[in-house]
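K.L.:
Line by line, the protein sequences give chains C and F. Following the numbering used here, the numbering of the first sequence begins with 1 at its first residue and continues without gaps. Following the numbering used here, the numbering of the second sequence begins with 1 at its first residue and continues without gaps.
A portion of the hints provided could be inaccurate.
Claimed, not checked - Distance condition first, Cα-Cα at most 25 Å in a straight line; then the derived SDA-like pairs of lysine to any residue:
#1 F:K256 x F:Q217
#2 C:K141 x F:A205
#3 F:K186 x F:A205
#4 C:K141 x F:K159
#5 C:K160 x F:K39
#6 F:K114 x C:F163
#7 F:K161 x F:D193
#8 F:K161 x F:A144
#9 F:K124 x C:M170
#10 F:K107 x F:S134
#11 C:K141 x F:Q217
#12 F:K114 x F:S37
#13 F:K159 x F:P119
#14 F:K97 x C:D65
#15 F:K159 x C:V164
#16 C:K160 x C:V175
#17 F:K39 x C:R71
#18 C:K160 x F:G36
#19 F:K107 x F:S65
#20 C:K160 x C:M170
#21 F:K114 x C:V139
#22 C:K141 x F:D78
#23 C:K141 x F:K256
Everything labelled a hint here was simulated from the structure, so no lab data went into it.
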Amino acid sequence: MFSIVWEMMSKGMDSFSLDFITGLPERSGREGGILPILVSTFLVVLLALAWVFPPALGCALFLSDYRNSSRPLQLVRRVVSVALDGLTAVPSIVFGIIGNAIFCRFFGFGYSILAGALTLGFMIWPYMTRAFEETFASVPKDIYLQSLSLGFSSYTYFRKIIFVPCLPGMVLGIVLALSRALAETSALLFTSGYSDRMPESLLDSGRVLSIHILDLAMNVTGGDQNSYASGLVLVAFLLILNSIFSGAFVFCKRFLK
Amino acid sequence: MYNIIAEADQKTEQNFDFNCAFKSFLTVENLTVLRGSKKIIEGVCLKALPGTITAIVGPSGVGKSTFLKSINRILETDATTHFFGDIKIEGVSIFDKNTDLRRLRRKVGMVFQKPTPFPVSIFKNIAIPLCDQSPMSRADLDIAVELNLSSVGLWEEVKDKLHSSALSLSGGQQQRLCMARAMSLKPSLILLDEPCSSLDPMSTAIMEQLLLDLRSQTTMLIVTHNLAQAKRISDQTALFWPENGVGKMVEFSGTKDFFGSPSSLEAKSYVNGLSG
Chain C
1 MFSIVWEMMS
11 KGMDSFSLDF
21 ITGLPERSGR
31 EGGILPILVS
41 TFLVVLLALA
51 WVFPPALGCA
61 LFLSDYRNSS
71 RPLQLVRRVV
81 SVALDGLTAV
91 PSIVFGIIGN
101 AIFCRFFGFG
111 YSILAGALTL
121 GFMIWPYMTR
131 AFEETFASVP
141 KDIYLQSLSL
151 GFSSYTYFRK
161 IIFVPCLPGM
171 VLGIVLALSR
181 ALAETSALLF
191 TSGYSDRMPE
201 SLLDSGRVLS
211 IHILDLAMNV
221 TGGDQNSYAS
231 GLVLVAFLLI
241 LNSIFSGAFV
251 FCKRFLK
Chain F
1 MYNIIAEADQ
11 KTEQNFDFNC
21 AFKSFLTVEN
31 LTVLRGSKKI
41 IEGVCLKALP
51 GTITAIVGPS
61 GVGKSTFLKS
71 INRILETDAT
81 THFFGDIKIE
91 GVSIFDKNTD
101 LRRLRRKVGM
111 VFQKPTPFPV
121 SIFKNIAIPL
131 CDQSPMSRAD
141 LDIAVELNLS
151 SVGLWEEVKD
161 KLHSSALSLS
171 GGQQQRLCMA
181 RAMSLKPSLI
191 LLDEPCSSLD
201 PMSTAIMEQL
211 LLDLRSQTTM
221 LIVTHNLAQA
231 KRISDQTALF
241 WPENGVGKMV
251 EFSGTKDFFG
261 SPSSLEAKSY
271 VNGLSG
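Build the full structure now, drawing on both the sequences and the hints.
P.N.:
Next comes the structure, spelled out in structure tokens:
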């Protein structure tokens with residue numbers, strides 16, 4: 001980890017400045033800044049997190065709510081569980097190709113931030129669901145049985161009894177999904193596209209940071225230095241976000257005591 | 001088995017002056033519970049009159065808790081559990097197709113062995129079940145919380161820290177809070193699964209007095225390992241005993257008779273501390 005960061009710092013620090021963060025890319029990214037790239041990255045990742053949060057949460061609740069354990073329902077749970085594991089095992093390039101076929105072509109979104117976010121959402125769905133599920137499973141069985149014996153609805157049990165105690169674990173699940181989403185390249189290559197212009201709408205193509213790094217390193221002669229600087233931004237970005245969420249995690253834990 | 005029950009009914013009715021009609025409130029008919037292919041309890045028959053406390057005693061692992069959890073059907077969260085026989089509350093089978101489980105569980109309160117307050121404030125521990133049952137105004141809720149906490153003698157102790165975490169209470173206070181929470185829905189039957197086993201003697205005494213005070217409001221079934229406690233507070237006592245690894249009810253009679261002149265060999269040796 002240190003050697004990677006050191007390598008990036010030694011080779012990319014020269015390009016790293018405030019102008020680099022706030023400027024527009026010039027000469028295919030060899031010069032200038034990465035502001036549109038950062039904006040696109042934010043939009044893709046936040047949109048993916050926003051749309052996938054409710055279904056991932058619902059899925060986790062469905063899998064961990066053993067209130068009704070009839071055989072047909074158990075079978076459905078098993079199918080959902082296998083499907084989630086299957087999603088984890090799918091290579092990200094396959095997500096990219098399928099996302100391109102469904103969102104870019106079938107739904108006609110084209111190469112766009114929206115198509116990228118939708119595809120990315122499916123990729124991080126299982127990570128989020130499994131993390132949430134684990135958190136719900138850590139609630140003592142006694143509390144579950146107590147709420148069952150009081151005839152609580154699933155909503156009351158989740159929203160009023162276990163939501164707050166489970167908050168730290170849910171925050172960790174979001175961090176996990178966020179880190180996975182920020183580092184994703186292949187799935188977004190075919191969906192959110194390459195354009196390094198400032199996006200004006202969600203239907204505009206937008207290049208995310210990881211694709212920008214890949215493009216500068218592989219396709220743009222003389223783009224190495226900015227590629228390292230962009231890598232540095234990505235690592236810093238991940239560290240800052242992780243610190244914020246870890247802080248939130250610690251705060252929640254303390255607050256809950 | 002039915003003879004035992006009829007006999008017990010007679011004896012209990014003679015021994016106690018119930019305010020309510022002499023109609024069985026809870027009737028368990030030949031209940032057998034299987035988990036997977038393993039029988040946990042077999043052929044349990046029991047009747048409880050309204051406003052009585054029935055103690056269920058016996059060695060560990062004979063299915064006493066399984067029996068209690070069958071009555072509010074929370075055992076069913078395990079899909080491998082199967083029931084045979086019937087349980088009727090006020091003459092209505094709880095296994096009826098049309099049984100609304102949430103309604104049944106509100107009608108049959110339960111207090112567990114380990115005090116388990118919800119990880120929210122003391123106030124919310126009482127308010128959440130009430131609001132889940134039916135929406136209430138804040139003023140009504142305040143009154144209801146005070147009444148319920150007072151009914152278990154906890155109001156004076158916690159009135160200044162209602163919005164503190166319920167986990168900050170002592171073990172005895174937590175168990176009384178759980179009792180108040182179970183009582184808040186005005187259940188007509190309360191199942192108590194060794195409610196005093198983790199309490200000190202002082203808290204146990206408070207809890208026992210509480211159960212005796214609540215007897216006029218509800219019918220209670222209490223599983224206990226403490227024979228002295230069963231003797232002190234119950235009106236009738238049932239003994240569960242293992243036979244070939246399966247729990248069976250071998251004696252069911254009025255508490256005075258159970259401890260004074262037990263009819264089965266198992267009950268005699270259990271009461272005299274010779275086995276179990």
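K.L.:
Work down the list of hints and note, for each, if the structure agrees.
P.N.:
Evaluated hints:
1. F:K256 x F:Q217: This hinted pair holds, its Cα atoms lying about 23 Å apart.
2. C:K141 x F:A205: This hinted pair is violated, its Cα atoms lying about 28 Å apart.
3. F:K186 x F:A205: Distance ~23 Å between K186 of chain F and A205 of chain F Cα, so the pair holds.
4. C:K141 x F:K159: violated, 29 Å
5. C:K160 x F:K39: violated, 37 Å
6. F:K114 x C:F163: Within the cut-off at roughly 22 Å; holds.
7. F:K161 x F:D193: violated, 28 Å
8. F:K161 x F:A144: The hint holds at about 17 Å.
9. F:K124 x C:M170: holds, 23 Å
10. F:K107 x F:S134: Distance ~14 Å between K107 of chain F and S134 of chain F Cα, so the pair holds.
11. C:K141 x F:Q217: Status violated; Cα separation ~29 Å.
12. F:K114 x F:S37: violated, 29 Å
13. F:K159 x F:P119: Roughly 18 Å separates the two Cα atoms, so the pair holds.
14. F:K97 x C:D65: holds, 22 Å
15. F:K159 x C:V164: Within the cut-off at roughly 24 Å; holds.
16. C:K160 x C:V175: holds, 24 Å
17. F:K39 x C:R71: holds, 20 Å
18. C:K160 x F:G36: Violated, because 34 Å separates the two Cα atoms, which is more than 25 Å.
19. F:K107 x F:S65: Judged against 25 Å, a Cα distance of about 18 Å means the pair holds.
20. C:K160 x C:M170: Within the cut-off at roughly 15 Å; holds.
21. F:K114 x C:V139: Answer holds: K114 of chain F to V139 of chain C is near 15 Å, not above 25 Å.
22. C:K141 x F:D78: OK: K141 of chain C and D78 of chain F at ~13 Å, within 25 Å.
23. C:K141 x F:K256: violated, 37 Å
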